[in-house]
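Top line first, the protein sequences correspond to chains A and G. Using my numbering, the final residue of the first sequence is 1884, and nothing's skipped along the way. Using my numbering, the final residue of the second sequence is 373, and nothing's skipped along the way.
By construction, these hints were calculated from the structure, which means they are not laboratory data. This one's a predicted model, so the numbers in the text were calculated from it and none came from an experiment.
With a Cα cut of at most 27 Å, we get these calculated BS3-like pairs of lysine-lysine:
(1) A:Lys1705 with A:Lys1723
(2) G:Lys223 with G:Lys365
(3) A:Lys1680 with A:Lys1720
(4) A:Lys1461 with A:Lys1627
(5) A:Lys1473 with A:Lys1536
(6) A:Lys1536 with G:Lys223
(7) A:Lys1625 with A:Lys1765
(8) A:Lys1536 with G:Lys365
(9) G:Lys228 with G:Lys79
(10) G:Lys228 with G:Lys293
(11) G:Lys79 with A:Lys1536
(12) A:Lys1461 with A:Lys1473
(13) G:Lys79 with A:Lys1473
(14) A:Lys1765 with A:Lys1460
(15) G:Lys365 with A:Lys1473
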Amino acid sequence: MTFLGLSAEILARIQFAFTISFHFIFPAFSIGTAAFLAFLNFLYLWKKDAAYLRLFEYWKTIFAVTFGMGVVSGIVISYQFGTNWAVFSDRAGAVIGPLMGYEVLTAFFLEAGFLGIMLFGRKRVGENLHFVATLMVAIGTLISATWIISANSWMQTPAGYAIAENGQFVPANWWEIIFNPSFPYRLIHTVLAAFLTTAFSVGAVGAWHLLKDKTNRQARIMFSMAMWMAALVTPLQIAAGDAHGINTLEHQPAKIAAMEGHFETQKGAPLILFGIPNDTTETTDYAIEIPKLGSLILTHSLDGEIKGLKEWAKTDRPPALIPFITFRVMVGIGFLMLGLGLWSLWTRWRGKLYDNTWLHRAALVMGPSGFVAVLAGWHTTEVGRQPYTVYGLMRTSESLSNVDAPAVGASLIAFIVVYFVVFGAGIFYMLRLMLRTPGGDDGELEKGPVKAAGIHPGPAQGTPMGGDDGL
Amino acid sequence: MVFDLPFIWAAIIAFAVLAYVVLDGFDLGIGILFPFFPEKHDRDVMTNSVAPVWDGNETWLVLGGGGLMAVFPLAYATIMPALYIPIILMLLGLVFRGVAFEFRWRTERWRPLWDFGFWIGSTVAAFTQGVALGALVQGIKIEGREYAGGWWDWLSLFSLLTGVAVVLGYALLGACWLNLKTSKGLQAKARQLAMASGVGTLAMIGVVSLWTPFINSVYFEHWFGWPTAFFSAFVPLLLAVCAFVLWHGLTTDKHLQPLLAALGLFVLSFVGIGISFYPYIVPGALTINQAAAPDSSLGFLLVGAVVLVPIILAYTGYAYWVFRGKIDPEEGYH
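Just chain A, same shape as in the assembly (with noise of 0.2 Å):
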């Protein structure tokens, strides 16, 4: 049975796909976020200096729309596995779930518990205690992506199993299992990129109000950490990226053969910068080469070999053109956000930080960058997985439910329409968010801030830290 001419299982990657970018979006920067939030309440403590108080407030207001999208949209997946993904989840179960489940037990419970106190209880439990509130939010953020990371790496290279009677993957050594081969490269680059991710949309907003008044302390102190981060952590990133990339040229190859656009195997392998990778053909049209640079970034030799994707069977390879585009789109983003690192840097050191305006406009147009790259990676790992979801062992085809295509693709549609009208809303609520000027003067000390603490401001309704209604 199809529905509109597709089967149940590419529905299902679809609506995989879809709904999980879309959640993405939201932890990728609600990870950066609590964080940062976190740094800005310890410097209003450290520093007693209101302008981190004001910020603090600014960002923990965008903060609570993020993650109460990043809430609900997670929950469906954890209920999407079993939905469409039955087989997959029967056999995966055992080995993944109690992953999924210490993530629940560890740190969604944490987030949530101290979520509430860090948004409204400021004044209920007194300052001291409302950062550790902030700082458990920060932690929870960091462990739920490492267990998350764990499971997903365990589907890229699986270790530690053993396969049952029934076909059941089970637990042969849990170390093995959390800590495998892909783990802890995943990991960082996956926890760098949130951070760059907030860090750019910091910088991007710290911009805007820059371009329409320098003065503004707050948007100087924004804009001032964001190029910090995006100096300091895009070339770390850069460098856990070549690692990942090596450590996917060991345990997926034919990933990177993906990846690179290479369907030969070949010593001294050139880079390709463009081109267009043909799967039918087995070719990758209208190249555009640099010589041995491919084997140079991966194996650190000018003639070491690189595997092409006909070393493999066709029906065991991934598809070469959406990691062949997405790679080059994250990798693209990467150096154009170093650049803007750097040219920051260089502002800084002659003292014009706050004076050069077309740093601020670069700064705003590359404010959505860290959401694309984080898309473009994931689209990246996840299609080089591919014809896998337990790389080599379980093919997608197989991890499907027994469930008819009507359903897969009516309940694809409802998740499309719901998904662009409530977070279409609420990104739309966050830009609105982020257009308000972070105002407030050392002036008011005593009063502003406190004043303008409610999240969501009801009587304080009007004032600059607060109100839509002219919107």
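Starting from the known structure of chain A, arrange chain G on it as the hints suggest.
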């Protein structure tokens, strides 16, 4: 094996589901009751009363679902496809409910839309949870290790009835929560609604309880066969006690007592379901032992659960304690 790990895990999953039902029950109940409180001021107070805790409450649903996949993967892999439509509708309902907490403060013009979303999302989530329960009680068709029925098998008069029952039950929890957390006119109205939904809930418990034993002879034997009949005789008796305590609390202006009585109704109904199901996790098809993951999975996660669940309960309790007392409409912490 000293410990019967599958049995322990069945108890933990049952606890997580019960915690979800009673905690998110009153959150969802507040959404269900939204149409009875058209004033913005009342709606602000109602959402504020759960804003700091709803997220934690909903996390128990993730533990129930995610935990099921970890420790009873076969049950997870067969129940979810069987309940495909109710589960998807529940998830979409929870999306609308969850975002409304923030969104309704972010816009004047579209607030009615998000208020409507809060109501419909809460109601759909509650209804589909009830439907899912009813469908599970009816039993689902399994062949080999897969669900073998169609995607509309869940639909029946019985499952629709259990859907309505859960909506009424959550409305009762929500009304009792408002009776505890609010004052003046809002509280008086909540008390009336608690009375009405309380009568409805008890009627539904009665109908469902009388119907259930005749759906499957196994249930009949569990309820009326020795020795379980000894326990099942107590459940209706205790239900009557809770009903009286609820009625007494509502008519004598007690604030906490009705909520505790309503929670009692839910706990007892849950125990009743447990009596019907045990030792099955999917009635008539899969026992707890058949569906369980290997002991290496159960043991690994149990270590964490034993240490962490008490800690979770402690800090969750602390969060409730921080936001204790009546909601001050002027405090504006939301």
